[in-house]
Amino acid sequence: MFQTDWMENRQVKRPKILTVLHQERSSPGRVGQLLLQSGFDLDIRRPPLGDDLPETLEGHAGAVIFGGPMSANDPDEFVARETDWLSVPLAENKPFLGICLGAQMLAKHIGGSVGPHPEGLVEIGWYELEATEAGKSLMDWPSMVYHFHREGFDLPSSATLLATAKAYHNQAFRYGENAWGVQFHAELTRAMMQRWVVRGSERFTMNNAQQGREHLEGRLVYDAMLKAWLQRFLETIFGAPVLA
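Terminal number for the sequence shown in full-length UniProt numbering: 244, no gaps in between.
Derived from the structure by calculation, the hints contain no laboratory data. This structure is a prediction, so every number in the text was calculated from the model and none was measured. Beta carbons: idealized from backbone N, C-alpha and C, even for Gly. Hints may contain errors.
[To be verified] Label-pair distances were calculated between CB atoms; the ranges are:
hint	residue 1	residue 2	range
1	199	81	18 to 28 Å
2	93	137	20 to 30 Å
3	55	200	33 to 43 Å
4	59	176	17 to 27 Å
[Stated by the list, open to error] Below are the PhoX-like pairs computed for lysine-lysine, each with C-alpha atoms no more than 25 Å apart in a straight line:
hint	residue 1	residue 2
5	94	108
6	13	136
7	227	94
8	227	166
9	136	166
Please work from the sequences and hints to get the whole structure.
Structure below.
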């Protein structure tokens with residue numbers, strides 16, 4: 001009985017995922033929800049608002065860098081600092097996921113380049129995704145994914161391409177054992193998508209962008225598959241937490 005009571009009253013320490021956001025009201029969305037449900041805690045940092053990034057991930061189970069309205073090529077100090085900081089998870093072989101801007105930072109850090117489409121195309125809305133053979137060997141992928149970007153990335157030969165699309169070829173990749181990047185957004189809740197559609201409506205006139213109604217209608221059709229994929233993807237990257 002004593003042992004049972006002790007175990008019930010013992011404060012379990014949940015492993016932390018470093019969670020890097022880029023605006024005051026940004027949210028980790030479903031990525032954060034799924035990580036919390038899996039047994040992780042979130043250590044949220046916002047470098048544009050002055051938050052530091054740790055010198056080591058020894059006290060973390062991994063890291064995620066999310067998207068933002070800025071470019072990986074911008075001269076802002078925090079952009080260069082985050083991109084350079086990626087040497088930490090790579091050197092320590094810690095699980096890392098970059099989403100949109102985060103993926104572009106990772107691509108740039110490992111020797112790739114980031115820039116606009118040569119024909120001025122954007123991906124804003126729902127677009128088809130095709131897994132490569134390397135991607136198919138890992139898991140099933142959604143056929144449609146949600147985007148909100150006007151830049152993409154090239155990859156060095158040392159990276160493994162996992163998924164492609166028509167306008168922007170490089171959509172998902174893996175570097176080494178534990179670093180992953182995706183150009184698209186599986187993390188959006190419905191409230192987040194509604195906010196993006198309202199606040200980003202001026203971008204719907206860009207070449208290849210979809211109108212706001214298509215964003216929300218597409219969610220009704222494709223989102224369940226995307227959410228199921230995201231859960232499997234996070235499990236592949238971060239595994240199950242080891243509770244202390």
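Now the hints, each set against the structure:
1. 199 x 81: 18 to 28 Å: Check passed, 26 Å falls within 18 to 28 Å.
2. 93 x 137: 20 to 30 Å: Holds, since residue 93 and residue 137 (Cβ atoms, about 21 Å apart) stay within the stated range.
3. 55 x 200: 33 to 43 Å: 35 Å, holds
4. 59 x 176: 17 to 27 Å: Holds - the Cβ-Cβ distance for residue 59 and residue 176, about 21 Å, lies within 17 to 27 Å.
5. 94 x 108: 19 Å, holds
6. 13 x 136: Distance of about 35 Å is beyond 25 Å: violated.
7. 227 x 94: Cα-Cα ~24 Å, so holds.
8. 227 x 166: Given that 25 Å is the threshold and the Cα spacing comes to 22 Å, the pair holds.
9. 136 x 166: 18 Å, holds
This entry does not satisfy hint 6, going by the numbered hints stated previously; all others are met.
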